[in-house]
Amino acid sequence: MLVTNIKLAWQFYWQEYTSNHQRLLRWVHGLLLLFIVTLTLTSNSIQNYLAQNLNGLLGADVVISQKQALNDTQFKSVNQIASKVVVTQQINTTFTHNGQYQQAQLKAVGSDYPLQGELISSTSLQSEGEVSKQGPEPGKIWLDARLLASLAISPGEMLQIGNHSFRVERVLQHEPDRLMEGHSVAMRAMIHQHDLAALNFADDLVQYRYLIAANTQQRNTLITWQKSHLPAAQLFHKQGEHPLARFWQRTENFMGLASIILFFMAAIAIEQLAQVQMRKERYFSALCMSLGASKASCIQISLFKWFIGVLVLLPIVMVLAMAGHYCLVQFLTSTFTNLTWQWQLQPALKSVAAVMFIFAIFQAPVWFALIKNSVAKQFIGHSNTVNTGLSKVASILVLFIVAFIYSDNALLTAMMLIAVLSTVAIMLLMSWGGLTFGEKVTSQFSGLVPFSLFMMKQRLVSKSTQILGVGLCAFLLLFTLMLLRDLGQTMSMYQRQHDGNVFISQASSKQMGFIENWAAKEGIKVRQVKPYLNAKLTHINNLSLEEFSDKPSDSLATFSHAIRLHWSETVPSNNRIESGKWWQKETQNWQQVSVEQEVMTDLGLKLGDTLTFYINQQAYDFTISASHAFKPGAGSITFWVQMPELATQFIDAPHYTMASIELADTQWQLLAPLWQQFPTLRMVSLKEITARFDKTLAMVTQVIAGFAVMIALLALVVIIASIKAVEPKEQKKNSIILSFGFTRKTCLQLNMIEWLVTAFITATGAILGTYLAGQLIYKSQFSLNYVPDFIWLGMTLISILVVITGIGVFMSRQNLNSSIRSLLSD
Amino acid sequence: MNNYIELKNLSQSFAASDETITLFKALNMTIQQGTSYAITGPSGAGKSSLLMLASGLENPSCGEVNYVESNKRFSLDAIRDQIGFIFQQFHLLPELTALNNVALPLKLRGDKQAITKAAHWLEKVGLGHRKNHKPSQLSGGEQQRVAIARALVFEPKFIFADEPTGNLDPKSAQEVARHLINCCKENNASLIIVTHSNELAQHAEHVYQLANGKLSQALPFELEAEAC
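For the protein sequence lines, the chains are A and B, in the order given.
Sequential numbering from 1 applies to the first sequence in my numbering.
Sequential numbering from 1001 applies to the second sequence in my numbering.
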């Protein structure tokens, strides 16, 4: 019996293959499968790459990394546990040569470096790389090719760092412990450890890395030791997590979250198509039952038919996913060097199974309708109310499941969901309110417009589903494009307005004092000056960060490094209090902090929680007494965590300053001597920020554009599905209108009016939804003040009206293929 | 004989596989405004085709169909908005109430009194009390009465009805026939009914029979004999 049913399902599937609803269903299934399989394959390639990369590029079995050097006792302990320890030091500094300057990472190594792996260098840019047994000798420096080009210097020439001269000896090609810099685009240089000591940089600016050779047992002992003795340090090992793993997981989660939108649209499209499908399948199964078939057989045939439909798609989806995967791997090689493409069957099949499960949920109302079906119901007619409700519940269920699985930024997810649900509410309200009001107002009049409004009002349920489907597509496209446009424009404009054109991210007290004098002397404006000290968050309510939260988030990723802890007696002018109370000026309780609201939400913190910070090798506990948020208009330098000024009297740690200055065009040349004087001064010009930002924006643009194409394709499917769902009804309506003595022109006019009204509600809903999403997400996620451009929005409104009306009228032209003859022959 | 539709030397044939089937040849008929006609005949005789030609929905293979007013001839397209239809399957819009179904053609024409007139017509067909019911809540006979009201509400000069009682029980059929004939008369509309039912045909002023490609006017006793 089962084989017979499969054969029948196969036969019926091919009979319906060319029908419109099956074709559209294939598009919806195909697009979503393609998106998810490609995302899974890419993600898997990256996870594999990261695992191999960790083994090949750690340059040691275990690496301990922290700002300060280990003290003697700590170093002895490590040496006792491990077989061999090699130390490297790294600092960000600025190199100057013949008036040119360039920031780069300078690494100092001893003669025992490297511990594991190969150090590769060459004598010139053109020559082949050779394995070097050890790093540069004292007085020599090795530079990477980009740094050589940037400074216009060649091997053999002398290079100045501060007051010391180094002879450029070799071209640095590969360091075996580059894993930590895997995602950094900074230029590289290497010197001997003795020279770094001679340069006399402040010790707290130097990043120390201890490369350790250890077996499994020693590694486990080291992990336990680090947790108790060096909680603020970072420890990496070959079986552990890659530093980029969390970055990638967040990217993957973001994409996954974005896929909610695609699933939601697919749900709408499938729901529309299900109306046609339900009619056909009910009719068919009732017919089969009337001929003696059992209900179970009818349901089996329907299930097999659906299953065959998805299986038939798989070969083409797999081929396209392979191609998409290949393109994405090429695209990502700038971030993940040497990432290679390889086919993985198992993850692909797993994701196919997961997506098929979701499709099955969407399809469930059709099967449910078959269970409830009977021959008698075909005679007396029936209502679809329960099934329509069921399909909506199924869609919302899937929406929340996908959101739950992929969400790592609770606030962003909540805002995205609020924005989507609000848009749905706005559109439903507009459909209901607008059509009811329109119908009421025009009820005194007659003619095509009042008639269209009247008919739309009468078909409110099916019309609002159509509006919702089309509207959400418009909203998503609009938001995606707006984000792309505004992020670029607003950010650069905002920084120019408030931040000057040179940004100092870290200046010591001595450096800042010098800069202020230098600025006064040269007539340079200092815009903002804000002090801070470096603090590493180690515990929340006495739980380590790993214990406190195992979900990756933006905030947690930042807290894996030391953050800037600012102090202020009063609420900074660019902050506002969100909850709790800011401390009084004369407070004696210095162990309290205010935390940025988004960080609070992201980490699930609440007022009264205790945060433990390691500051200059000492642990300090703080209680959260307030939360604050960024207030635009008074400078953009803001801090996640702030404490009372009094705390600085109790905490022994170096103080730094963040600042911004405004240079006139003629004053840029003054920067070279400043950097020569202070090579470790972290200063970046707006030009560089813009260049970095443009690079990121270009990458984001490509990703978003790809995503927008997916949305546009699905939007088209949703529009067609919504038209096909009501095609028989529309054809009948048009035939009846023709029977009243009207022409096809009248039907076309009515059709155009209806699509114009649909497009108007859709576009207005989409714009309102986008505005709301902008208000919600811009400030909290990008610290930007959302300023809508009404001309742009107006133009968008007109564009959406034209596009949707055009597509709607064009795609529903089949509805006009109606005639009185068809009514006569019914 | 002021206004009428004239069917002159009408022939209709169509190609099926490799042969041409002729439904009727050189057929003549005049449909006077305000008069009722019934066309009967066996299945496949071409009754519905004749209805489509007479209403201008199709073009004949040969011959002419014209509307004549004060001895001037016009194409049927000129009175397209003066022609109404009634179908065997009623074809009411399921989402609209009876009242709104009837008001539909008037609303489209921009008539401000659409609802009042529709209510009046529903009263006429005896459904004033069911005006707010949707088609699914009405019986077959009631639905056809709504369809009659809808076809007459915009006061067309000619009404074409294809088996209007074909889906109804004898009692409902009688009632519908009565309403149909009376309302057309009252409105001075011509009624052309295509039917198998001799009971319905007997209500018309003129009865034609279409058989073997020929249209002939049937006498009342012939119909009775057929009915037996």
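In case anyone wonders, no lab produced these hints; they're calculated from the structure.
Treat the numbers as computed from the prediction; the structure is a model and nothing was measured.
One thing to keep in mind: the hints can contain errors.
[To be verified] Stretch by stretch, here's where chain B covers chain A in the computed footprint (C-beta under 8 Å, at least three residues):
#, segment
1, 162 to 172
2, 724 to 735
3, 738 to 752
[As the list claims (entries may be wrong)] Keeping only pairs whose Cα atoms sit at most 25 Å apart, straight-line, the calculated DSS-like set for lysine-lysine is:
#, chain 1, residue 1, chain 2, residue 2
4, A, K732, B, K1008
5, A, K440, B, K1008
6, B, K1072, A, K732
7, B, K1008, B, K1072
8, A, K457, A, K392
9, A, K440, B, K1134
10, A, K7, A, K392
11, A, K732, A, K745
12, B, K1072, A, K457
13, A, K392, A, K372
14, B, K1134, A, K745
15, A, K631, A, K606
16, A, K7, A, K295
17, A, K440, B, K1112
18, B, K1134, A, K729
19, B, K1008, A, K457
20, A, K440, B, K1131
21, A, K67, B, K1134
22, B, K1131, A, K729
23, A, K457, B, K1117
The beta-carbon is built from N, C-alpha and C at its ideal position, and this holds for glycine as well.
| Hint by hint, which ones does the structure fall short of? | As far as the earlier hints go, 1, 4, 5, 6, 10, 12, 14, 19 and 21 are violated by this structure, in ascending order.
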